[in-house]
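Using the hints, position chain S against chain Y.
Here the protein sequences come in this chain order: Y and S.
Counting the first sequence from 1 gives a position; my numbering is that position plus 8.
Counting the second sequence from 1 gives a position; my numbering is that position plus 24.
No lab work stands behind these hints: they were computed from the structure.
Just so you know, these numbers come straight off a predicted model, no measurement behind them.
C-beta: ideal position from N, C-alpha, C; glycine also.
Please note that a few of the clues may not be correct.
Here's a subset of chain S near chain Y, in silico, CB distances under 7 Å, partners left out [said to hold, decoys possible]:
| id | residue |
| --- | --- |
| 1 | Pro231 |
| 2 | Asp280 |
| 3 | Pro294 |
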Amino acid sequence: MKRVILAAAALGLMGAAPAPAFRIGVLESAPGPCAAPPPSAPAGERAYFQLLAKRLERPVLACPVLSFADGAAGLAAGRLDMAVLDPASYAAVKPAVRAVMTARPDGAPTRVRVVLVVKAGHDGGPEALEGRTVAFGGSSAVALAVPREVLAEQGYGGPFAGREQVSADETAALAALRAGTANAVVLGDAAWQRQCQNPSPKVQGCADLRVVWRARPQAQRAFAVRRDLPDPLRFRLLGVHVAMNLEDRPAFGWAAAQLAPGAADFQPAEALALEPVRLP
Amino acid sequence: MLFRPLAALLPAALLTALLGGCGRGGGEAQMHEVRMAVRSQAADPRIARRWSAFKAVFERATGLPVTLYQSTDYNGVIQAFASNQVDVAELAPDSYANVDAQIGTLAAPILAIREPEGAMGYYSGVVVKAGSPYRSLQDLRGHSLVYPDFNSTSGYLFPRGKMREQGFDPDKVFSKTGISGGHLQSVMAVENGQYDAAVVYLSGGTPQTGFAAGPIVRLAQLGMIKSGDFRIIWTAGPMPTTALSVRADRPQSFIDAVRGAAAALPYDDPKTWDDVGQINGSTFAAVDRSFYAPIIKLRAEDIAHRRGQK
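Bound-form chain Y, shown alone:
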């Protein structure tokens, strides 16, 4: 019942006391108090704070932070409700803070899921694949650049980097693995699904192969919030941001530039997006 009341209040669907201000860390060169952006602030910044105030139905304030680490400390201490973090600043406050959204660069894929595959019964760890051949299922961003990035984040770069074999497509990459000309394959998860989902109730697809892990690319910057931010408010926040590129271009342009240059839209992010985790 308590959760229902909290959610209804967060939605503004019942009469409630005025909501407390939502405080967002903004990188500045000097400290200062939280306040609405002044008339001298960039038009996009003013548009962003006005849009959020209207849609979240509460004051939304810009709070100067001197660095990502300063923003992380502000979140952990409860002085901020949202701030941009990078992996290093997030690591220091991980128990109290979660990622909530990233920006997708124009023309780039989303943070797609990648799978590392070896033959069944084989070891797929970094040491086992050190110096061995890893096949990629094509040369598109989703087939090559993203898997390559995830491989490095998952510990297969540097001293463990293997030889790359860029196959013509996902079918050829898996054929190379089966033929022994590659020791592992890294694919987008959808390619794995196309190739290896069960073809019938009695037949397991790709039973001769084994998925070692699934992972998304680690976010290099993300909007982060405190873990105790109620889900209904997090969802509203996301709902406003994911459509901002369509609904308010000046606001989107300013906010997205805090995360990545030339962004196309905001994407939700999993709580651990700022670290190189593997998916369940």
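Just chain S now, with coordinates in the frame of chain Y:
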């Protein structure tokens, strides 16, 4: 009970129709529940799981009870949404175009599936038995073709428009056409020899990569056919994907919460996302009416064709 039949809403729909012109039917009033119209597919239990997952996440996002009303065809969802009997619906592109023609900006498409490779579209395909002699649309001249539903985008509207562009008038080149009631039923109609070919949806890939999803894949997984017994001889696309839509006359806070909760699902709970039949690694992306402009235009052209105006 997860679903209620849409027929349960009919008396209220009739009242709304009788009171048409007396306002917007109370959509802006305080919301006490969320009513959602969905299209059921009895042969695919993943669809029930999908709506069960959305029901749970929308209840968490809004704090309101969510009631699912199911229809066995596209038209039931279209009419429930257009007549203001539900707040949220998953509308296939042609269904959205239909609703748009009825209520205009009162229908707001808010999210559509973005495929893992980045495309925001899916495909139509004409499928035949692998042992048949048909290799192209040309080979199907004088033979029979089955569509899933008049209101299906991938199974009716879009492929018919593309066939016309390629010089095949779908109302003249086939010896017989029919409506099966659904994509799975269309494939079964070919399997059983009732038709020579079927038009179906294909997703989770491209004609170059092959497809991870579609009625042939699904029926094979259910053990009802062997996928190798069928061949895709023609594809058209990509076309805009299905829209999670809300009534625009609901509170903005409600719309934002629904959009955010649905968009977060593939990141918050990827296992559930996969388990409900979405393509691995796909996500939601925000859309608006402009995304569906080609389908709105195509629908108007198809209606004109059927009325003999073009």
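Here is what the structure says about each hint:
Using the Cβ-Cβ criterion of 7 Å, the hint placing S:Pro231 at the interface with chain Y is not satisfied: the shortest such distance is roughly 12 Å. Contact between S:Asp280 and chain Y, as hinted, is supported at the beta carbon level, the nearest pair being about 3 Å apart and thus within 7 Å. Here the hint on S:Pro294 is kept, as its CB sits about 6 Å from the closest CB of chain Y, short of 7 Å.
The structure is inconsistent with hint 1 alone, although it conforms to all the rest.
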